[in-house]
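Asker: If you're matching them up, the sequences are chains C and H in order.
Counting from 1, one number per residue, gives the positions in the first sequence under our numbering.
Counting from 1, one number per residue, gives the positions in the second sequence under our numbering.
It is possible that part of the hints are untrue.
Calculated lysine to any residue pairs in the SDA-like style (CA-CA distance at most 20 Å, straight line) [unchecked claim]: (1) C/Lys9 <-> H/Asn123; (2) H/Lys62 <-> H/Arg139; (3) C/Lys55 <-> H/Asn123.
Note that these hints are calculated values from the structure, not bench results.
Being a predicted model, the structure only gives us computed values, none of them experimental.
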Amino acid sequence: MFEEVATSKEGEQIINVGPQHPATHGVLHLIITLNGETIVNLEPNLGYIHRSIEKMCESLSYRQFIYTTSRMDYLAAHINNHACALTVEKAMQIEIPERAEVIRILVSELTRIASHELWWGAMAMDLGALSPFFYAFREREVITDIMEETCGARLTMNYMVPGGVMADIHPNFVKRVKDFIIQFKSRIDEYDQLVTGNIIFQNRMKNVGILSKEDAISYGTTGPTARGSGVSCDIRKIYPYSIYGKLQFDEVLETAGDSFARYLVRVKEMKQSISIIEQLIDNIPEGDFQAKTKAVLKLPKGEFYQRVETPRGELGVYIVSEGGTTPYRIKFRSPGFSNLSALNHMIKGHKIGDLVAVMGTLDLVIPDIDR
Amino acid sequence: MGNEELILKLKEVFPEMDCVQGNDWPELSFGSDRLIDVITYLKQTPELAFDYLFCETCVDWKTHFNMVYHLDSTRYRHNVVLKVKTDREKPEIASLAHVYRTAEQHEREIFDLFGIVFLGHPNLKRIMLTEEWVGYPLRKDYEDPINIIKL
């Protein structure tokens, strides 16, 4: 009556998770080989939201291509835009005003908190706890409201342009961010009370999906995924860009390498981001928010690479220029793509029920993987 | 190791190869037959220890392909860029999947979009596009019947 889609060995069966599955948070398709309940092999099948952004960018100007990158990792649109703007500025040697730098870092760190909030709520929801999702959105809504006021958008902001930011911050920005800091600090402890200390949650997360330090490097994992395995890989610390070199914050490292370690890294990172925002919010320098640039940008002939730290890990922008107004070739090294490649190694030998506990801590955003 | 020191070291070990200072990092260019030698040396020499391949991609120069490898050392935090020239008519190059496991998925993407065959790759098939797709979209001579930008 039905066709066997894939062939399996004696005693093994193949099931498909996704592309339409709530725990994949998008259109990710995983082909899983099972022996009883144990996962023998897992193969991701990508491309359901592949828009070939790299090809599109080849026919877009250096002002236009930044807008496509908001659609890659849509939870960190600011940081993707920042990476592209930095690459163009590096190539053209544009000095950007101090005010623009500070605004950029402020919105980037707010984005990082918003992204980790969404991950935290969705992670707990995947494991069967629905209330954390509403707690997370309570704080995240405040950030998206602040963004809406300043950038005019809640998700795909397109706020950063080569030379600075598109418009000055809204007059309410400083006050609302300060209110948010107070609100967030009084509520972050609720997160630990609600989820982190929960014994059911800990039992599902500890010793699950272990990734050793060597494997984390070999698989090219970055961001909280690698830092949970003790790999120091925060680009803001090791190759400081923008004004991160002047700021005081800690790189959060855990050594256990399991799902719980990755969870702890992200929760602690939110506190670090708040501390960065606190350092800057009272010290936004006066001045221009954008440097004066030509209407048509022309990059010199050559190759330019910029690495930045997104909430998911290292994003690399590689531009090959032939001296014209459009890039000859552009490559986005997305963090999710590499993090996903470690999933098969992490999940082998575990029960299928552990899949969401491991996949959740990779914090996958599918448009970021597919591009 | 600083960039100048790294360039001196690479010039000493691989005198026949072209080693220049790029915009950020030293760039080493060579033919595809030497890839495994260079990678093995860079990864296994204790004072270099390039253990992290953070970007692997390809550029179509119309006459040939350039495979571009960005390497980083998590111990010393120095970087190097490898540019490997590959034939356009018969694009074949050794796979690095057994050296850096991240290469496995990156190479599948490059095979999918550029059509470069990675010799020794454990699972070389299309990753983004469907199996029936004709052509390799990121090549410069690929004509897209429905191009959203040019419409």
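Asker: A separate judgement is required for each hint: does it hold in the structure or not?
Answerer: Status of the hints after comparison with the structure:
no., hint, in the structure
1, C/Lys9 <-> H/Asn123, "holds, 18 Å"
2, H/Lys62 <-> H/Arg139, "holds, 8 Å"
3, C/Lys55 <-> H/Asn123, "violated, 25 Å"
Hint compliance for this structure: hint 3 alone is broken.
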